[in-house]
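2 protein chains.
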Amino acid sequence: MSEPATTVRVNLAERGYDIHIGQGLLAGAASFITDRRKAKHVVLITDDNVDGLHADRVADQLVEAGLEVNVMTVDAGEASKDVDVAAELWETMLQEGTDRQSVVLAVGGGVVGDLAGWVAASYARGLTFFQAPTTLLSQVDSSVGGKVGVNLPGAKNMVGAFWQPHGVVIDIDVLSTLTDRDYRAGLAEVVKYGVIMDADFFAMLEANADAINNRDPQTLIQIIARSCQLKAEVVEADEREESGRRAILNYGHTFGHALEAATGYGPLLHGEGVSIGMVCASRLAESMGLIDSGTTSRQVALLEKLGLPTSLPAGQDPAELVSLMWRDKKVQDGKIRFVLPTRIGEVQLFDSPAQQAVVESMR
Amino acid sequence: MSEPATTVRVNLAERGYDIHIGQGLLAGAASFITDRRKAKHVVLITDDNVDGLHADRVADQLVEAGLEVNVMTVDAGEASKDVDVAAELWETMLQEGTDRQSVVLAVGGGVVGDLAGWVAASYARGLTFFQAPTTLLSQVDSSVGGKVGVNLPGAKNMVGAFWQPHGVVIDIDVLSTLTDRDYRAGLAEVVKYGVIMDADFFAMLEANADAINNRDPQTLIQIIARSCQLKAEVVEADEREESGRRAILNYGHTFGHALEAATGYGPLLHGEGVSIGMVCASRLAESMGLIDSGTTSRQVALLEKLGLPTSLPAGQDPAELVSLMWRDKKVQDGKIRFVLPTRIGEVQLFDSPAQQAVVESMR
Ligand SMILES: NC(=O)c1ccc[n+]([C@@H]2O[C@H](COP(=O)([O-])OP(=O)(O)OC[C@H]3O[C@@H](n4cnc5c(N)ncnc54)[C@H](O)[C@@H]3O)[C@@H](O)[C@H]2O)c1
Ligand SMILES: NC(=O)c1ccc[n+]([C@@H]2O[C@H](COP(=O)([O-])OP(=O)(O)OC[C@H]3O[C@@H](n4cnc5c(N)ncnc54)[C@H](O)[C@@H]3O)[C@@H](O)[C@H]2O)c1
Ligand SMILES: [Zn+2]
Ligand SMILES: [Zn+2]
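Sequence lines, in order, name chains A and B. For the first sequence, full-length UniProt numbering gives the first residue as 1, with consecutive numbering after it. For the second sequence, full-length UniProt numbering gives the first residue as 1, with consecutive numbering after it.
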């Protein structure tokens, strides 16, 4: 028995698209694509974990549906979000006769989605792009919003584009093979949406923490759909990160990024950094009198229930982290913008709180 | 005494921009930029020919105006329109602290413009971009329309984007240092605009061939402005090459590209290939009964007056060129679309004329 599927529409004028969320949806990937685009040739990009687990089935099914398919597999892991890996993909695509009528399909986590999206955005000045995200993080976050790209040495996502997919198909069944840690890392972004935009959703997460931990299908569809919807609302209001609205998605991320950088990208998953970062941001908001301590402790309690870390890893020095933050390239005129909660369900942007307060928030 | 400058507006909704055309305009590049964008940091990209001739003056002037400037110089020539060269530029830009507030300024020909535009489009998901084209070809063609990108081995412009500049400043004085051949190559595209869109303009070129050959400033401003205007009209109607309208700009190019490829990109400049290609296309139109021979001979006469080649280079075999055309990646289902004149000032698209007729048109 499958839970009923659901659709979230991302409204972006002529670039609007559907996100289908349900069980077993990958079995219908071929018609999902051909319903939306007369395609004959699909470049399927995946990584070497997801290939054997899920992508090969998708490829078989596309072939059965009469499509010409080239599967291109990159190494699993962040190191594949790389300029040279993209260049290899472009060349392989050229050799395989990829042209403007070809479509690119990403089957994998955020790494595959960001890389494949970038390759799609730039080959022949832009190919039609579909996403089948396979990690919770990519299902609730990276597959929505059109940010694609690769890293430069020392600078994440420094080369890329805004390139909206033509459609996103989220099959929650693929989550069954995901490690516990990767699953929980995705949950951090889910909690984030509750804090920044939707108190009811936050309360729903509190009430259903057990079902979430058990990866209950109905609950999964519900929280993924709501997360996509909330992110879509922000993206619709600020597609190209111009008005500032999109910045609210960075709640917890200023701290999180500093932690990821300080620990050398690896020991701490992105979602884990965000989890700790949200707690720090909330404490900072407390110290500024924006919220009371109960608002922070609700977040800590929920994150802990979901198995996420809420305090700095051993050996991390708050003062050093703060100087890392202020050295970041994005800092303009010495000002950092923090996203801080004013209650559960609402955040605001604050420019440059006192560095000492930021240090304190991490203790 | 300077001739009065003129402005062509490219109307593309929120991406519209001005093209300033006149004498000595590079001396005002700093205010041209800062009038349009609050900028502090300029990444100036040029090549090693243009650097000493013109770009260093521009850089000095930007510095005098209080801007922070990094000059990045690539080797002159098509080989710099390359994935690895772009990657080096991205890394250098990162090291120099380039951020979203930085702007990129291209000072050079089409190679520099396409490369710098691509780097601008992709760094930090898109920086503001200005062009100061310094060849006639880039002034009348490549700097208008937003196509930017680099080559893959064996495939020109295969990686790129549509990325409109924020403004284009065309200083005709820089043309004084351009070789005769490069100057004439640019004229081929000017003649093209007359044939495809504007009989009066074509007649004006016929009447002013001597002034054009003498690079008379007033005439230059006039023909560059009209060329930009005509290209802008096409681009406004079909910004992303979707409706087919933009295809008319390829008049002479199907033949021209085959010639460039057959001669190994080098012996024949792009504009020279286009010049020969227009004559072939016009003969093909004749053989199909679209035009009389007088329409072709007017083009031949004008092109010859402007010092451009109008027949195949020695040793080129029409039959081989035709098979080259049909092997091109862009050919779909064995069909090639030719842009053919129906009179001076008008072209139409024709799918796949008989291959034998195409062969004959090149004899
Ligand atoms: N574009 C955006 O807006 C955006 C937003 C957030 C994050 N991101 C990016 O997303 C990336 C992180 O995404 P991620 O966490 O999905 O990382 P990931 O793609 O590296 O996936 C994590 C691991 O899970 C494996 N995996 C994927 N699906 C699986 C499955 N169904 N079963 C078993 N294993 C599976 C992968 O092979 C990988 O080893 C980062 O590069 C980050 O910058 C982008
Ligand atoms: N983006 C587009 O829409 C578009 C349209 C047409 C052509 N193009 C591209 O443009 C490129 C060709 O442009 P191009 O002909 O300007 O080539 P180019 O940039 O290589 O310039 C030709 C030569 O002239 C030199 N030069 C430039 N300005 C000079 C000056 N003022 N004085 C003396 N020397 C000077 C250059 O160093 C180079 O050696 C090709 O790569 C082609 O694909 C792009
Ligand atoms: Zn995140
Ligand atoms: Zn051309």
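Read the hints as simulated data drawn from the structure, not as lab findings. Treat the hints with care, as some may be off.
Repeated chains share a single entry, so a pair holds when one copy, or any two copies, can fit it.
To be verified - List of simulated lysine to any residue pairs, SDA-like, C-alpha gap at most 25 Å:
(1) Lys-335 with Arg-37
(2) Lys-156 with Gly-244
(3) Lys-156 with Asp-82
(4) Lys-156 with Ala-87
(5) Lys-156 with Ala-79
(6) Lys-38 with Ile-221
(7) Lys-156 with Val-85
(8) Lys-40 with Ala-247
(9) Lys-156 with Asp-84
(10) Lys-38 with Leu-94
(11) Lys-38 with Phe-162
(12) Lys-305 with Pro-217
(13) Lys-156 with Glu-91
(14) Lys-40 with Arg-240
(15) Lys-305 with Ala-13
(16) Lys-38 with Glu-320
Self-check item: Lys-40 and Arg-240: within-copy, between-copy, both or neither at 25 Å Cα
Solution: Result: close only across copies, 22 Å inter versus 31 Å intra.
Quiz item: For the identical chains here, do Lys-305 and Pro-217 meet the 25 Å Cα criterion within one copy, between copies, both, or neither?
Solution: within (19 Å within a copy, 75 Å between copies)
Quiz item: Checking Lys-156 and Glu-91: alpha-carbon separation at most 25 Å within a copy, between copies, both or neither?
Solution: both (23 Å within a copy, 12 Å between copies)
Exercise. Go through the copies and call it for Lys-40 and Ala-247: within, between, both or neither, with a Cα cutoff of 25 Å.
Key: between (39 Å within a copy, 23 Å between copies)
Quiz item: Taking 25 Å as the upper bound on the Cα-Cα distance, should Lys-156 and Gly-244 be classified as within, between, both, or neither?
Solution: within (20 Å within a copy, 38 Å between copies)
Practice problem: Classify it for me, Lys-38 with Phe-162: is the Cα-Cα distance of at most 25 Å met within a copy, between copies, both or neither? | Solution: The answer is both: 23 Å in one copy and 23 Å across copies each meet 25 Å.
Practice problem: State whether the alpha carbon distance between Lys-38 and Ile-221 is at most 25 Å within one copy, between copies, both, or neither. | Solution: neither (29 Å within a copy, 45 Å between copies)
Quiz item: Is the C-alpha distance from Lys-156 to Asp-84 at most 25 Å within one copy, between copies, in both cases, or in neither?
Solution: both (15 Å within a copy, 19 Å between copies)
Quiz item: Given a CA cutoff of 25 Å, do Lys-335 and Arg-37 count as a within-copy pair, a between-copy pair, both, or neither?
Solution: Between copies only: 21 Å across, 45 Å inside.
Practice problem: Measure nothing new, just compare the shortest in-copy and cross-copy C-alpha distances for Lys-305 and Ala-13 to 25 Å and report within, between, both or neither. | Solution: Answer is neither; intra-copy 40 Å and inter-copy 50 Å both fail.
Quiz item: Is it within, between, both or neither when you check Lys-156 against Val-85 at 25 Å Cα-Cα?
Solution: Both ways: Lys-156 and Val-85 sit 15 Å apart in one copy and 20 Å across, limit 25 Å.
Practice problem: Please work out whether the CA atoms of Lys-156 and Ala-79 approach to 25 Å or closer within one copy, between two copies, in both situations, or in neither? | Solution: Within. Shortest intra-copy distance 11 Å satisfies the 25 Å Cα cut-off; inter-copy 28 Å does not.
The structure does not agree with the numbered hints 6, 15 and 16 stated previously, though it agrees with the rest.
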